[in-house]
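Q: Chain by chain, the residues:
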Amino acid sequence: MHHPPERPSAAQAATPTATGHSLSVRGATKLYDGVAALDNVSLEIRRGSFLTLLGPSGSGKTTLLMTIAGFTRPDSGRLLVDDRDVTDLEPEKRNFGMVFQGYALFPHLTVARNVAFPLRIRGRSRSEIRERVQWALDLVQLGHLAGRYPRQLSGGQQQRVALARALVFEPEVLLLDEPLSALDKTLRADLQWELKDLHRRLGMTFIYVTHDQEEALSMSDEIVIIRNGRVVQKGAPLELYELPQTRFVAGFLGKSNFLSGTVRRDPAGRAMLTAGSVSIHLPDGPSHEGDKVLLAVRPEKIAVAARPPADGRNAVRGALVDWNYYGSTTHCRLDTAFGLFHAQFGTWGSQIDLARGRDMWLVWPKEAGVVVVDDG
Amino acid sequence: MAVAGETVAAPAPPRTRLLGAERVNLVYWALVLVPLVVLVVFYIYPLSRVLLISVTEPRLGFGNYVRIVESTGVRRVIWTTTWICLVTSTLSLVLGYLLAYAILHMRSGWQTWMMVGVLLSFWVSILIRAFAWITLLQTRGLVNNFLLDAGLISQPLALIRNELGVIIGMVHYMVPYAALPLLASMRSIDARLVPAARGLGARPLQGFLYVYLPLSLPGIIAASILVLIFSLGFFVTPALLGGGRVIMLAEYIALQVNETLAWGLGTALASSMLITVFLMLVVLARAVSFRRLFGAA
Ligand SMILES: Nc1ncnc2c1ncn2[C@@H]1O[C@H](COP(=O)(O)OP(=O)(O)OP(=O)(O)O)[C@@H](O)[C@H]1O
Ligand SMILES: [Mg+2]
Numbered sequence: 001m002h003h004p005p006e007r008p009s010a011a012q013a014a015t016p017t018a019t020g021h022s023l024s025v026r027g028a029t030k031l032y033d034g035v036a037a038l039d040n041v042s043l044e045i046r047r048g049s050f051l052t053l054l055g056p057s058g059s060g061k062t063t064l065l066m067t068i069a070g071f072t073r074p075d076s077g078r079l080l081v082d083d084r085d086v087t088d089l090e091p092e093k094r095n096f097g098m099v100f101q102g103y104a105l106f107p108h109l110t111v112a113r114n115v116a117f118p119l120r121i122r123g124r125s126r127s128e129i130r131e132r133v134q135w136a137l138d139l140v141q142l143g144h145l146a147g148r149y150p151r152q153l154s155g156g157q158q159q160r161v162a163l164a165r166a167l168v169f170e171p172e173v174l175l176l177d178e179p180l181s182a183l184d185k186t187l188r189a190d191l192q193w194e195l196k197d198l199h200r201r202l203g204m205t206f207i208y209v210t211h212d213q214e215e216a217l218s219m220s221d222e223i224v225i226i227r228n229g230r231v232v233q234k235g236a237p238l239e240l241y242e243l244p245q246t247r248f249v250a251g252f253l254g255k256s257n258f259l260s261g262t263v264r265r266d267p268a269g270r271a272m273l274t275a276g277s278v279s280i281h282l283p284d285g286p287s288h289e290g291d292k293v294l295l296a297v298r299p300e301k302i303a304v305a306a307r308p309p310a311d312g313r314n315a316v317r318g319a320l321v322d323w324n325y326y327g328s329t330t331h332c333r334l335d336t337a338f339g340l341f342h343a344q345f346g347t348w349g350s351q352i353d354l355a356r357g358r359d360m361w362l363v364w365p366k367e368a369g370v371v372v373v374d375d376g
Numbered sequence: 001m002a003v004a005g006e007t008v009a010a011p012a013p014p015r016t017r018l019l020g021a022e023r024v025n026l027v028y029w030a031l032v033l034v035p036l037v038v039l040v041v042f043y044i045y046p047l048s049r050v051l052l053i054s055v056t057e058p059r060l061g062f063g064n065y066v067r068i069v070e071s072t073g074v075r076r077v078i079w080t081t082t083w084i085c086l087v088t089s090t091l092s093l094v095l096g097y098l099l100a101y102a103i104l105h106m107r108s109g110w111q112t113w114m115m116v117g118v119l120l121s122f123w124v125s126i127l128i129r130a131f132a133w134i135t136l137l138q139t140r141g142l143v144n145n146f147l148l149d150a151g152l153i154s155q156p157l158a159l160i161r162n163e164l165g166v167i168i169g170m171v172h173y174m175v176p177y178a179a180l181p182l183l184a185s186m187r188s189i190d191a192r193l194v195p196a197a198r199g200l201g202a203r204p205l206q207g208f209l210y211v212y213l214p215l216s217l218p219g220i221i222a223a224s225i226l227v228l229i230f231s232l233g234f235f236v237t238p239a240l241l242g243g244g245r246v247i248m249l250a251e252y253i254a255l256q257v258n259e260t261l262a263w264g265l266g267t268a269l270a271s272s273m274l275i276t277v278f279l280m281l282v283v284l285a286r287a288v289s290f291r292r293l294f295g296a297a
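If you read the protein sequences in the order shown, they are chains A and B.
Just so you know, we're using the working numbering here: the first sequence kicks off at 1 and counts up by one.
Just so you know, we're using the working numbering here: the second sequence kicks off at 1 and counts up by one.
Keep in mind the hints are simulated off the structure, nothing from the lab.
Any given hint could be a false lead.
Chain A is faced by these chain B residues, among others (derived, beta-carbon under 7 Å) [as the list claims (entries may be wrong)]:
| # | residue |
| --- | --- |
| 1 | Val69 |
| 2 | Gly73 |
| 3 | Arg75 |
| 4 | Ala158 |
| 5 | Leu193 |
| 6 | Arg198 |
| 7 | Gly199 |
| 8 | Gln206 |
| 9 | Val211 |
| 10 | Pro214 |
| 11 | Leu215 |
Non-contacting residues of chain A with respect to chain B, defined by C-beta distances greater than 10 Å in every case (computed) [what the hints assert, rightly or not]:
| # | residue |
| --- | --- |
| 12 | Glu92 |
| 13 | Gly102 |
| 14 | Trp323 |
Computed footprint of chain B on chain A, listed as stretches where at least three residues anywhere in the stretch have a Cβ under 8 Å from a Cβ of chain B [what the hints assert, rightly or not]:
| # | region |
| --- | --- |
| 15 | 104 to 115 |
| 16 | 118 to 126 |
| 17 | 205 to 215 |
This one's a predicted model, so the numbers in the text were calculated from it and none came from an experiment.
Built from N, CA and C at the ideal position, the CB exists for glycine as well.
Assemble the whole structure, with the sequences as input and the hints as a guide.
A: So this is what it looks like as structure tokens:
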């Protein structure tokens with residue numbers, strides 16, 4: 001491949017710059033026909049971080065992103081970039097890069113001219129435009145397709161052009177609305193790595209919208225879970241996955257089994273969840289006897305065994321309904337006193353004989369459970 | 001090698017299929033021939049007669065075409081026609097563009113009513129419209145009376161019996177013809193592109209100029225050629241609203257044929273016009289393939 005001589009600005013741009021800006025959304029509310037698409041949303045986004053907005057369809061992710069971008073005016077609330085109030089700024093003056101869902105490439109312009117667009121608008125010099133476009137296209141490894149039209153590209157290539165176009169003018173913040181949702185699984189996985197790598201190299205602040213929970217978990221520094229226009233919980237992926245605060249989060253981000261019952265004390269004074277004749281040890285933490293309590297347990301933290309454990313771990317008896325083999329893992333469904341239970345274990349090395357209707361034991365240490373608020 | 005072998009091994013199509021194909025061929029030719037005959041009898045024959053007369057009346061040769069170029073009277077008519085057509089087309093295009101843009105960006109309830117409004121205008125005959133404009137624009141017409149009563153003018157304005165009147169009448173007629181192809185072309189523009197441009201730093205006007213306008217260009221080309229071709233052939237509107245003072249080509253040809261009986265010159269003018277229009281259509285055909293170029297994104 002042909003490499004153009006390194007020029008100062010290109011070299012400077014290629015180095016990690018950590019030029020990201022911090023962003024803060026304060027009490028943003030947006031009503032559509034009296035229904036809140038955003039309901040008093042407040043967020044602090046650290047400079048250079050990769051923040052993901054995650055939520056089910058219609059939860060207000062796009063509305064929030066569009067509010068940040070300036071296309072949607074909030075009914076109330078403020079938006080600050082590095083303590084500068086930009087709430088009333090036109091979208092074109094915010095200097096945010098945006099990758100729309102479906103890419104929104106200009107069909108009448110070639111790849112190079114699409115990428116050059118933000119620079120032409122800013123009246124940059126011809127030579128600078130050429131350099132920057134080359135840099136951006138090399139960044140997404142599309143230098144060889146500069147002369148093509150968008151319709152001559154594959155979905156993944158179009159996505160990368162959209163990315164290059166959003167990056168080329170070194171925006172303060174990059175907003176991405178489900179950029180990978182239209183792609184097939186393999187390509188999506190590839191581009192996830194690429195995006196993450198880009199983020200690390202450029203040091204920009206990324207705000208990323210998705211409703212794919214695995215994508216959110218694997219890419220983000222911080223995840224914000226949105227439901228009905230409200231922030232339900234936010235935190236690092238690990239924190240959110242391990243310590244969900246509500247039933248919704250526990251069920252939306254990964255899978256969970258839910259056990260509801262009343263708090264009781266065993267003779268040793270330890271907190272138990274009791275439902276009917278079954279008792280389960282609760283994880284350590286404050287609890288009051290007689291309270292209603294909801295426990296969430298991840299399927300992969302549950303072991304499936306033929307016999308009850310002897311070491312005092314929690315155990316629930318259930319009849320095997322059926323199972324799915326996924327290659328690396330196997331998922332079982334068992335009918336228990338708490339309803340249908342999901343358990344998941346690595347297939348390799350597993351010693352269990354699976355047979356429909358067979359009685360088995362679901363076993364987990366008490367630390368594996370999380371007490372969550374039942375928000376329906 | 002393997003591919004060639006496979007080709008040889010492929011079974012011949014069964015005979016019944018072949019017979020079926022022959023029958024289809026017959027239907028095909030019948031369907032082609034009937035319109036062909038109609039076309040020859042009603043269009044191509046008369047048209048070739050027109051062409052023939054233009055080079056045989058009053059004597060053999062291109063004398064009539066030479067007269068078109070040489071006669072100052074004819075040149076003035078051509079100039080008037082060109083000028084009025086260009087002004088009409090430009091105005092119709094601008095108004096049609098605004099109309100189409102407005103329709104497309106209305107709330108859907110309004111969209112329907114505006115479309116009905118545009119389509120309704122096709123039902124009103126050109127003659128009735130010309131008379132309607134006369135009642136509105138004449139010396140003692142609605143417009144002048146209103147302006148006089150309001151004290152805005154002291155003398156009635158000359159709104160008809162001149163080029164202004166002809167242009168008003170023609171533009172009024174042509175705007176829907178401009179709006180419809182534009183509407184079709186604008187409809188195919190992805191609504192997110194202008195916001196995308198703004199997200200990349202374009203001001204609203206820049207977004208329009210750099211994204212929307214180029215994407216609607218195929219529609220603009222199609223509409224302008226359609227309108228230009230239509231306006232070249234206007235007869236009733238200039239005759240009525242021009243009050244005999246603004247002679248356009250169609251009226252002039254009619255004059256040659258009906259009054260002065262100069263069939264040679266009339267047909268030569270008609271043929272020249274036909275060729276001009278034909279050339280425009282060639283450009284139009286290119287514009288349409290243009291559209292396909294853009295639409296496929
Ligand atoms: N322009 C609008 N007019 C009226 N209601 C709207 C508008 N835009 C969004 N809404 C409503 O606001 C709510 C949030 O919409 P939004 O597009 O933000 O959801 P989302 O989280 O992006 O969903 P998805 O994952 O399906 O893209 C929805 O109930 C939607 O119907
Ligand atoms: Mg959305």
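Q: Which hints from the list above does the structure break, by number from lowest to highest?
A: Those not satisfied are hints 1, 2, 3, 4, 12, 13, 17.
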